[in-house]
Amino acid sequence: MNPIISILLILFAGSVLAFGIDSINRKWTGWIAFISMLLAALNLFYLAQTSDLVFSLGGVSLKWGFSSLRLYFVYIILILSLLSFLYSIDYMKGKARLGYFYGAFLLTVLGMFGVVISKDFVSFFIFWEIMTWSSFLLIIYNAYYKVKTQGLKYMIFSAIGAYAMLTAIVFIYHYYGTFDIAVAIKGGVFSFENHIFIPLFFALGFAIKAAIMPFHIWAPSAYADSPMSFTAVFSGAMSKMGVFGLLLVLATYYALHNPDAYVFSQILAWLGGITAAMATIYALIQTDAKRLLAYSSISQLGYIVVALSTGTKLGVMAALYLAVLHAVFKGALFMVAGAVEKQAGTTDMTKISGLIRKMPWTFFVALVSVIALTGIPPVGGFVGKWLLYEALITESNNYFLVIVIFFSSTAAFLYAYRFLFGLFLGQEEKETENVKEAPIKMLIPMLILAIVAIVTGIMPGLIFKPAAVAMQEIGFENVNWQMTALSNVWGNQTDLSIIGMFIAAVFVLIFTFLTFKGKKNTRFVGTKDISSSGELWQEGENWTFQQDFYKPFERAAAPLYKYKMNKIWEDLGNALEAFFNFFRRIYTGNGQTYALYVIGFLALLLLFKDYIFK
Amino acid sequence: MVISPVHYIVAPLLAAFAIPLLSKIYKDAARVVPGIVLFYNVIISFVLMKQVLKQGMINEVIAGWQPPWGINLVLTPFTGFLAAMISVMGFIIWLYGFRFKRTLKGGVVKYYEILQMMMIAGSIGVIITGDLFNMFVFIEIVGITAYSLTAFYRDRNGAEAGFKYLLLGSLASTFLLLAILLIYTQTGTLNMAQIAERMPEVSSGIKITALVFFLIALGIEAEMFPLNGWAPDAYEQAPSPTSATFAAVVSIAGVYALVRILFTLFDVAGVHQYLIVMGFVTMLVAEIAAVSQKNLKRMLAYSSIGQVGLVLIAFGVGSPLAVFGALFLMLNHAVIKSLLFMTGSYFIYNSGEKRLEGLNGMHKRLPYVSALFSLAAFAIIGFPPFSGFWSKFYILIAASDQKMIFLIIGILLVTIIELVYYLRSVGRIYFAKEEMQDIAHKPSVNALIAMSFLALFIIIIGIYPDIITGYINQAAAALLDKTHYVQQILGSK
Amino acid sequence: MALILFLIIMALILIAAAIFAVMQKDLLFAVLATGIISVVLSVFFYVLQAPDVAITEAAIGIALTTIIFIITIRNTSRNEDEYTENHINKFDK
Amino acid sequence: MNEFNELFIKYKDLITLAVYGTAIMLIIIGLYAVLLKKHLVKIVIGLSIIDAGVHLLFVAVGYIQTGTAPIFSPGYENAADKMVDPVPQALVLTAIVIGFAVTALALSLVIRLYKHHHTANIEQIKSLKW
Amino acid sequence: MKRYIIFLFIAVLGWTLAQTFRAIPFGADRRGNLDQPDRVAAFYLKESPETLQTANSITAIVVNFRGFDTLGEVTVLFLAATGLASILYRKEEDDETEERITLISSSLVRTGAKILFPLILLLGIYVFIHGHLTPGGGFQGGAIIATGFLLMLITYKRFDTNHNLMVWLESLAGLAFVATGLYGLFTYGSFLQNTHSVGTLNDLISGGLIPLIYIFIGIKVGTELTNILDILLKIKPGKQS
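Chains as they are written, first to last, in this note's numbering: chain Z, 1 to 614; chain B, 1 to 493; chain V, 1 to 93; chain R, 1 to 130; chain L, 1 to 241.
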């Protein structure tokens, strides 16, 4: 059977099965879901030699198939989802409505997979919508009382994006007579001379999915409030659908180097830059680790969009590379947050601290991921940042943007450190005394992701290789890459393995030192344990660093926080609702008034009948 | 001729006249006989549909007078499709309500069943008749049954809704009579085919006045915006199977009558633009009113009106593809909205609360019904892969062919409004805190079968629409091919 | 000539009865006025060579419609301005 | 008959006015009652007046100058060319009966409403709104 | 303010109607060509004495040419009675005593009613039996019969319409109507098709099935109208529910 069909069928059957089996035996639900995900992922081995699947549905010719670019994203989706499902088994243990969760989760994966393999706009849109509504079901899973606002916000924004796309799609059919993506792109659908709204509408749809700044407000709560095992996929893979789509839209631009698109790409780049910077600033003041990560996710997506919109070989390479890396480390970080939430009961950084001794492996994963996030060698994030900077500096001529990116990636250190410190370092508190290391089924996927992050840091070529092939598909020829080295425009080469080994050595040294130091007999003193200084801790007294962590910075950046996009959108929503409430009063409830409407409408029609009908 | 379209009307009529007698002999006759009759209608509609697709048209004359002299019943692929759809929906709604009616006491069931059955038969009559005045009579049959059924629960609101419906319905029949009179004086006939043939000779002043009267009269039946004050109340107050029938049968018949008269009888320019504008206004206002509804059935009612608005838009666009989309949407609307009313009725039955608060946490008590409600909600918003998506998609493509970009954007924006309130209610079902109530009225088997059938239909059509598109395509072609219609009917003299 | 005069007088009576039916506050008289409308209308129909319609209008319009209106008035309020039942709680036991 | 024929031609406008005008006036007066009178019974009276007007219009349209009733009673077997148009009359027959049915139903609803609301003022009967 | 707007609306409607009907001259011949009918009116006038042998062409139209309308119309009445019963009077739910509104009537009136009643019934029956010959027919006869019952219902408190008999009559008449139609369908291939042996014009037995159907209609309409009146008369004034 064609692996596409079998993956779709397995995922769908798994979804139904998981939904159904929940009422029979709750223990099996997670395993069923994991096994079906595994079966689906096993099909990856057969993917490359698949031929396109063409068939007609509802009078529309649909085409599913792979290409190098699509495969690149399929790998991200399926592997990350597989790890996340393994993680879910323990993470979701004991929660309600497992069937609902796993069913919707599998459908989401199915939707993402479908989006990527679609070679025509109709099935693209169908899967896009499946992905959207099934993820909506997951987002509202936790947010009992927030359904009205948060889940709906996500859905409304997604719908705006999706419907903008749909508008563009039907007009593509009108103007070009085809739904085939490749044909349409060759025909110049996304060029700017003919119908500018088509690329714009598509870009809007993808920008919303990728949480670009004015349309990002659904993202923080959606990321933070869904179950973490889903957020790992949500932020890691699903937001990449926006990136994938932007690649599609901009592909014409890359291929033709259309000068008209300059403004467009500049706007996109600036939006990405602003997103990166602002989201970083917001991330700083979060006290909840999950929200912090959510904002961090948004800012990382900003980088990717910036890289994409430079439109050069290097930039696209950076974007593709960052897409993988972001999936890896942000997936790992959300899993870490989930593990902490599961074990300690909360992710509020003001409440818990010092988990390093309780959850050392989780800390290790968090550390590696944070290093990757901030872009320090030898972990993979460094390579991505390097590519991004180089692309911006050498090829974009947009130094303000470079400054913005530099600023935000520097500020990223701040929140990354806060995350690490808030959860794992600092004083041990009484409340966290009984916390244990996360179960093995949760640790394995996290560790796998951490290892991937390290390996890609030393051998970035593992990702460069498929990325280069993928870029050829969009229209970039002769993409150079090396397995273990980075080169810049000036011809200097940096061998990453040396850096890696050096830094690894430093690490080992520090670790040994710490271990020996730890051998000494020390007593751990809680923050509230101040009796030695002759005082007693009073209720409500703040002795920890956890609170007001970046207070001075917050004060400095206070004017920025005033302008909340969220409030504008909410005001808009409230105003609309108030208007609707007012407007529906035309249904007065008085039958006579309705009769009056009839006669009035009749009179109007009779008065203007000669103008309306001819 | 063993099976002919006249059976559609005669079988329910026989049953309706016989039920008072039969129920004296066998107590449950009133509940069983309509089911048999409606099932018979389903069977003959399939037989006839097959025949129609082979022959192109069945022209059944009444009393042996060939058209245009006598009344004729016309089954084209278009009317045959709608009649089949209504028959099937009627049977399913009967199946759904089979046990529901057991809660009614004794002889009241008789009234209910007769009225309900005749409402469906009358709607079929509106659709298959080829005679203008006969259509009026059937519209009155539908009207009278609908007024009575709206007031069937004899509470204060039921009577109120029924009276409003009756008031507007009477105005509608007045204007319909006036329009028929005007048409008759000018063409000297009541046969729709012949009227269509002679319409070009009619002086434009009278023609347009008649058109306006038709628009008002049938606009009331088709729930067009300023004329639809009765609709939300009637949907809200009618017993739930009847609400489902309003959505799945009566509104379809109303739209059919409007479209038949505009498309076949008149050759006036501007009608399409009128339909688009009024359809859009209808849709917009209905969805706006639906957003902040507190009452579940009322919300569904406004949503129904909104769907009808979209159907009118699609008919207004008028290209074959648009009409195809409109018919598809009518089918979807009938199926999905009746499923919503059916499931919603169980929520109300369980919580004893007509307001939306009654939905809170319903998934625990009625997991299967909740899943069906969510499915239907998703389908009616137009999420793929459910059937609602395809109809919307075809309509949009058709609109894009006419370069109506603002119409498309408008439709999609309104869809977002629709999405808001449906997802809110789905959210309520699954995530709101419920008030603890242990008594669960589990859905009865027959209702489950009916609802599952509809849900299955939604999914299957959503995944593989080709099952039905062939029929709809022929139906759309049959509606648009006016000359063929006229020739077939008048040529078979 | 007489016929035409008769016709016109009939028309005037018809309109006057209609206006009376609408304006009269006492609903019983208003209903009787509708009865008069029916009577005159059936004469009208007869003059216009429609005896069938005239008989129908006479039988249904004069007798049946009027009686059901009267029954209704008996069950509701008789005076138009006095919509509300005086003793609302009379039956609310 | 000849005399009447002449008169008919002579006073055609007047007769037209008397018939059509009356019918249209009835419709208008009925509509006035439906739209402005608050009492439910008055509204139903208005509806029946409208109906009367429409029926009159039907019969008037079918009338033919110096025509006879369309009945081939003995002595009129071959008088088809003098007979008035029978179709509107047949339609009116149907319409009258339907009108009666609707009126009966309307009045039953009025009784029902009065029992529940203790009022027949349509402005006070609007518990279903928005 | 609202009042003036309404006046304006109504005026627009009236003006338009007047304009429209000015173009339809009163008394003009719109029947079309009587020998070679091109309009239904002419056709009916031609065919009703020739083919159907029915003197009253309106009866021919109502029962035969447009018999389907009449079936629908009878159904409307039937449904109105059903709807009325479901709205107003439910024996099973209201345990109200079946007490009718009666007028306080003197013995003179009662005696008069008693004498009149059979006469009215007879008149009604006469009217619908001669429906195909003279003006009148099923509806008129039915309405007259109902008037007779009305007279009895409001004068006699104890007068009962024998509900059972009414139901039987009504149902059987309706069924007979439809059955006659089906007879046409199965014998001649068209619903409500008239027989070929139609008799001669102006005989009592003429017009084929037309008188028969009109008798059914008369019985049905009479019982239905009586039914409606019965229901309406049975409600107690001011009763709560």
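Among these hints, one or two may not hold up.
[As the list claims (entries may be wrong)] With the Cβ distance kept under 10 Å, some of the chain B side facing chain L (calculated, not the full set):
id: 1; residue: Gly70
id: 2; residue: Lys110
id: 3; residue: Ile459
id: 4; residue: Ile460
id: 5; residue: Ile463
For the record, the hints were derived by calculation from the structure and aren't laboratory data. Because the structure is a prediction, the values reported are computed rather than measured. Don't be surprised by glycine CBs; every beta carbon is placed ideally from N, CA and C.
Each hint, compared with the structure:
1. Gly70: 6 Å, holds
2. Lys110: 8 Å, holds
3. Ile459: With Cβ-Cβ at 37 Å, over 10 Å, it is violated.
4. Ile460: 36 Å, violated
5. Ile463: With a minimum Cβ separation of about 41 Å from chain L (threshold 10 Å), the hint on B/Ile463 is violated.
In summary, the numbered hints that this structure violates are 3, 4 and 5.
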